[in-house]
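Protein chains in written order, with the numbering used here: chain A, 1 to 509; chain B, 510 to 627.
The set of hints was computed from the structure by calculation and includes no laboratory data. A couple of the hints might just be wrong.
Unchecked claim - So, partial list: chain A residues that the calculated Cβ filter (under 8 Å) puts toward chain B:
{"id": "1", "residue": "8"}
{"id": "2", "residue": "29"}
{"id": "3", "residue": "30"}
{"id": "4", "residue": "33"}
Note that the Cβ used here is the ideal one computed from N, Cα and C, for glycine as well.
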Amino acid sequence: MVLDFSSNADYIWALLPEILLAIWAMGVLLAGVFTEDNDSDAPGDATTLGWLSLLGLLVVAAANGWVYGAVEGDGSPMIAMDGFRFFANWLLLAGAALTILLSFPYLTRQRLQIGEFYALVLLATLGMMFMASARNLILLFLAIETMSVAAYVLTAFNRRDRKASEAGLKYFLLGAFSSAFLLYGIALVYGGTGTVNLQEIGEAVARGGAFSPLVLGGMALLAIGFAFKVAAVPFHMWTPDVYEGAPTPATAFMSAAVKAASFIAFVRVFMEAFPALHDTWYPVVWWLAALTMIIPNLIALTQTNVKRMLAYSSVAHGGYLLVALAAANHMAMGALLFYLLIYSIMNIGALAVVMVVANHDEEALDLEDYAGFGWKQPVLATAFTVFLLSLAGFPGTAGFMAKIFILQGAVESQLWTLAIILALVTVLSYYYYLRVAWYMWMRPGSSEERHVRVWAPIPMRAGIVGVAALLIFLGIFPGGLLDGALDAVQGLAAGVPAAELVSGLPDSP
Amino acid sequence: MSSSYLPVLILLGLSAVNAVGMVVASQILNPRRATSEKDMPYESGMVPLGDTRARFSVKFYMVAISFIIFDLEAIFLIPWAVEMRTLGWEGFAVMSIFLAVLVVGLVYEWKKGGLDWE
Chain A
1 MVLDFSSNAD YIWALLPEIL LAIWAMGVLL AGVFTEDNDS DAPGDATTLG WLSLLGLLVV
61 AAANGWVYGA VEGDGSPMIA MDGFRFFANW LLLAGAALTI LLSFPYLTRQ RLQIGEFYAL
121 VLLATLGMMF MASARNLILL FLAIETMSVA AYVLTAFNRR DRKASEAGLK YFLLGAFSSA
181 FLLYGIALVY GGTGTVNLQE IGEAVARGGA FSPLVLGGMA LLAIGFAFKV AAVPFHMWTP
241 DVYEGAPTPA TAFMSAAVKA ASFIAFVRVF MEAFPALHDT WYPVVWWLAA LTMIIPNLIA
301 LTQTNVKRML AYSSVAHGGY LLVALAAANH MAMGALLFYL LIYSIMNIGA LAVVMVVANH
361 DEEALDLEDY AGFGWKQPVL ATAFTVFLLS LAGFPGTAGF MAKIFILQGA VESQLWTLAI
421 ILALVTVLSY YYYLRVAWYM WMRPGSSEER HVRVWAPIPM RAGIVGVAAL LIFLGIFPGG
481 LLDGALDAVQ GLAAGVPAAE LVSGLPDSP
Chain B
510 MSSSYLPVLI LLGLSAVNAV GMVVASQILN PRRATSEKDM PYESGMVPLG DTRARFSVKF
570 YMVAISFIIF DLEAIFLIPW AVEMRTLGWE GFAVMSIFLA VLVVGLVYEW KKGGLDWE
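Use the sequences and the hints to build the structure in full.
Laid out in structure tokens, this is it:
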């Protein structure tokens, strides 16, 4: 089927995954409120609605694959039809699905409103999918807000928890602040180029609007807004508090899918609208990447709260991804998608084990609480060790291959300094990741009974072990996924001036 | 072309000077004799009954939020109704989808008890 977007009906086919997801999310919301028992005080059952949501995500993923394979066309001025969008959709759907699969016991124990939680996760995913496809800055902004508002609510979802409320308010205020930057940036870019379409902005900029102060100012404000959303240093201050305070399933969702979607939108805007200005924005991204790699890794060294440590680790991973954006070549873009997928699943996996150790509560998150976990729960502890090694980038895991591909992209653009920083901070990060593993396996628990009984139902256990197995598999055979990612980003980096790449970028700004 | 707007600029400047001048002049010239009546939030108005930061029921928020949604619905519906014939069936379909989404929200609110006052 070829779509030329001459009639509005073409949009129905082009947006089939998004439409299905929207309908499904509303269905889950209604199913939740109709099955809810307002009178009884007993905790609700999260599994039925959870499976319903997972089924929906599966249907959407299949529809996404069908549109990717069977529908042709260049897309419209509003939405893109490229591989980048469809690959990103799969990645975001996988993040949402894992979050839901691993949240059953947490929602039940914390007596959270189940229907609303799943509906919000699905609606946030809908916003993310539009972020991946938007080719128009206004549509992009609406998509970002759809995602962000759902994420604010998810952060403050446990209203009995003061810390969650505090985190929600912080996230809301700073998120609204960053949205204002984005919006002002969009306004200035529109003022400078007369269009909000990314490709037309790209053409206008390439024609020589490059030194228009309006475009440069707008680009700077857009960069600040996105840096907030992806939590790049020095715009990361909200991240540790929000990730620590939020309910752990929401933390997993935010640190994986929300962050991935923000990166995808960041990349699309800068690769489609401003490739001609690469030498202008490249020093900014260079510094963001360098700071975001170094500072959170140093702070993470001193964390004793494992959830907070993973929050800083999440910020640091944003730095590795920014290296790919600074490099801005075909290899780096493919590596970015590969990294986002691997990072999403391993981070959600790690936070799932954190949920189990903390007994689906927000206490027992300290390193000491992991003592003795290894020998009492060997399966979960082995999986957790795989996640930690993969997050650290240990050879043999997918996290290692992901870092290698990013390095390859960086080296192709001759970003030697960034590549060296990446390698050094990776070695540094081994310390705080492996310290958790050391506590788990080498330290005796505080008592004999501790960790003997943990609550990890079969679907959750299967999810954790499955992700760990996948990480090992992709660590040994990364080729297929990388080819898929490289295929998906075909032409994305084409607008970046090639002459610059041949002669080599200035290695430091 | 821009010179034709010069009177507007002059008017703007004069009115700004006038407004600022009145405030500043009254600050400088008037004598201040504060009495308790003058210091009240609404001089010669109602006698205040208590603190403005009174707590009131969250139910009012529910009504306010519902009102905003249906208010916006009217804002979208009226222009569509005016141009209904030109927009045709496509416009009708789009509007129906919009209303269906709103109805989902209404059903949710109803079922959740957001419309019950007690």
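Results of checking the hints against the structure:
no., hint, in the structure
1, 8, "holds, 6 Å"
2, 29, "holds, 6 Å"
3, 30, "holds, 6 Å"
4, 33, "holds, 5 Å"
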